[in-house]
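Could you slot chain P onto chain F? The hints should help.
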Amino acid sequence: MSVDATPLIAVQGLAKVWPDGAEVLHDVTLDLPSTPQFLSLVGPSGCGKTTLLRLIAGLERPSRGAVAWSGAASKGANKGGAPQIGYVFQEPTLMPWATVFENVYLPFKIAGVSRRAAQDAIMEALRGVHLEDAAARYPRELSGGMKMRVSIARALAPRPKVLLMDEPFAALDEITRLKLNNDLLALWQALSMTVIFVTHSVFESVYLSNRIVVMAARPGRIAADLAIDAPYPRDEAFRGSALYTEACFEVSAALRRAMGQAP
Amino acid sequence: MRRAVEAAAPFLFGACALVLWEVAVRLTHTPPFILPGPLAVAAALVEDFPRLFPALVFTVGVTVAAFLASASLGLLLALIMTSSRWMERSLLPYAVILQVTPVVAIAPLIIIWVKDTRLSLLICAWLVAFFPVVSNTSVGLRSADPNLISLFKLYGASRLQDTVWLKLPSAAPYYLAGLRIAGGLSLIGAVVAEFVAGTGGDRSGLAALILEAGYRLNMPRMFAGLLLISMVGVLMYALLARLSAAVLRHW
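First to last, the protein sequences are chains F and P.
Quick note on our numbering: the first sequence kicks off at 1 and runs consecutively.
Quick note on our numbering: the second sequence kicks off at 1001 and runs consecutively.
Be aware that one or more of the hints could be misleading.
Said to hold, decoys possible - Here are the computed distance ranges between Cβ atoms for each label pair:
no.	chain 1	residue 1	chain 2	residue 2	range
1	P	Pro1146	F	Gly21	21 to 31 angstroms
2	F	Pro233	P	Trp1086	50 to 60 angstroms
3	F	Ala10	P	Ser1090	37 to 47 angstroms
4	F	Glu174	P	Ala1015	51 to 61 angstroms
5	F	Ala136	P	Leu1076	32 to 42 angstroms
6	P	Val1139	F	Gly21	23 to 33 angstroms
7	F	Ala136	P	Arg1242	16 to 26 angstroms
To be verified - Which chain P residues stay away from chain F? Per the calculated CB distances, all over 10 angstroms, these:
no.	residue
8	Met1001
9	Ala1007
10	Leu1039
11	Ala1043
12	Glu1047
13	Asp1048
14	Leu1068
15	Ile1080
16	Ala1105
17	Lys1115
18	Gly1214
19	Val1234
20	Leu1239
21	Ser1244
Hint data in this document are derived by calculation from the structure and do not stem from the laboratory.
Built from N, CA and C at the ideal position, the CB exists for glycine as well.
With the rest of the complex left out, here is chain F (with noise of 0.2 angstroms):
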């Protein structure tokens, strides 16, 4: 992987160790270009791909090392100005008390932002996922697809630059999850952003992204970093073409050397 001169976001020797010795985190360096990309972590269980997320994202302060980011963005998280991040949970994480609205217009509100000077970007966000009559229904009125488009909605209608993805369709039926894939390729390739995307499912990084870094566990690290060279827009032909079939393959082949690996 090529990296360029002014990184996004530089990963700087990242490591946690948790409270009682467990280190979940060991040594992670990993340089995001200023080029959008999309990139995918992929490993087994418990290495630590959560905790780089919200590493990321400023949720955690490291125990040791740094996440750097950009002039462009170097307010890092989203303290004062225009959000730079934008998180989705692998549960939809939506208010239940407020409507489809109220829910996206969220980080809006907490920037201080009116209503109506919000109005279009929630608008606009809303219908990106197909969601713009469903503006003033409540999430216990939408299925788990829906509820899942709003939380999408929610952390893209600020417009981030990076955009942080924890499983976000683990939860979902597979029709509904290839549907989704789709709508989030064409979202990405509109909006021009970055987005970090954890998975357990080798096919569905392979059918999103341009880079796969696959990690590995105990102690979390990476252990493979891997281009996916093939062009965009990506629809279900691609499933079928040999490319993919490749790079599957070249995937599922790192996960297991990873897996095997002493650590």
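Chain P only, in chain F's frame:
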């Protein structure tokens, strides 16, 4: 049709029970100072209305005031206690002491200290009712979805924003459950305190009236007073259940 029968069932059962009661009292010639029939109770309710009504207003006044004090101070105390570990460590033991001490045991002291009868009864009823609000709301304030807490942190939310937009709404179902308990306890606290205070005061409520009727062996009036107290309790519960359902309809 089925639903109508289901809705009518408790009333039918009550009516049958009342008829049986009246018949049993008449057949056995039970004197009214042992057990009055429902007709005698109804008669007492009408005849003694000029005495019963002011007593009802008094008791309802104390109950509602104690409930409102529990609802507001309970919420405030829960907010203070969950604001820091130190606050909780310092305050919780005393809240527990107040809760576990039986109100009948503290009531005489409060009635001696506080000159105004109404206020002393209010304090007693509040002591009984506020704890469920505090403990339920404290749990609720800590129950916010950890991922939502992370999201608020990610967007740089202030402590105030965190509390008002996340912690308080998350606590709402717990708070409302606390209120439903506090409603019943306010009435119990008001009645128990009045029993302790006795009939000494010039203005007194339903409990004092029941006590006095008991001394006079005026059973129909006792039953009438009892009926009114139960109805206040039922009404309170129904209103709070309605409120809860209305607030939580989207959850």
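Do the hints match the structure? See the list:
{"no.": "1", "hint": "P:Pro1146 x F:Gly21: 21 to 31 angstroms", "result": "holds (23 angstroms)"}
{"no.": "2", "hint": "F:Pro233 x P:Trp1086: 50 to 60 angstroms", "result": "holds (57 angstroms)"}
{"no.": "3", "hint": "F:Ala10 x P:Ser1090: 37 to 47 angstroms", "result": "holds (46 angstroms)"}
{"no.": "4", "hint": "F:Glu174 x P:Ala1015: 51 to 61 angstroms", "result": "holds (59 angstroms)"}
{"no.": "5", "hint": "F:Ala136 x P:Leu1076: 32 to 42 angstroms", "result": "holds (34 angstroms)"}
{"no.": "6", "hint": "P:Val1139 x F:Gly21: 23 to 33 angstroms", "result": "holds (31 angstroms)"}
{"no.": "7", "hint": "F:Ala136 x P:Arg1242: 16 to 26 angstroms", "result": "holds (24 angstroms)"}
{"no.": "8", "hint": "Met1001", "result": "holds (30 angstroms)"}
{"no.": "9", "hint": "Ala1007", "result": "holds (27 angstroms)"}
{"no.": "10", "hint": "Leu1039", "result": "holds (50 angstroms)"}
{"no.": "11", "hint": "Ala1043", "result": "holds (51 angstroms)"}
{"no.": "12", "hint": "Glu1047", "result": "holds (51 angstroms)"}
{"no.": "13", "hint": "Asp1048", "result": "holds (48 angstroms)"}
{"no.": "14", "hint": "Leu1068", "result": "holds (24 angstroms)"}
{"no.": "15", "hint": "Ile1080", "result": "holds (23 angstroms)"}
{"no.": "16", "hint": "Ala1105", "result": "holds (41 angstroms)"}
{"no.": "17", "hint": "Lys1115", "result": "holds (45 angstroms)"}
{"no.": "18", "hint": "Gly1214", "result": "holds (49 angstroms)"}
{"no.": "19", "hint": "Val1234", "result": "holds (29 angstroms)"}
{"no.": "20", "hint": "Leu1239", "result": "holds (22 angstroms)"}
{"no.": "21", "hint": "Ser1244", "result": "holds (13 angstroms)"}
Checked against the numbered hints given earlier, this structure breaks none of them.
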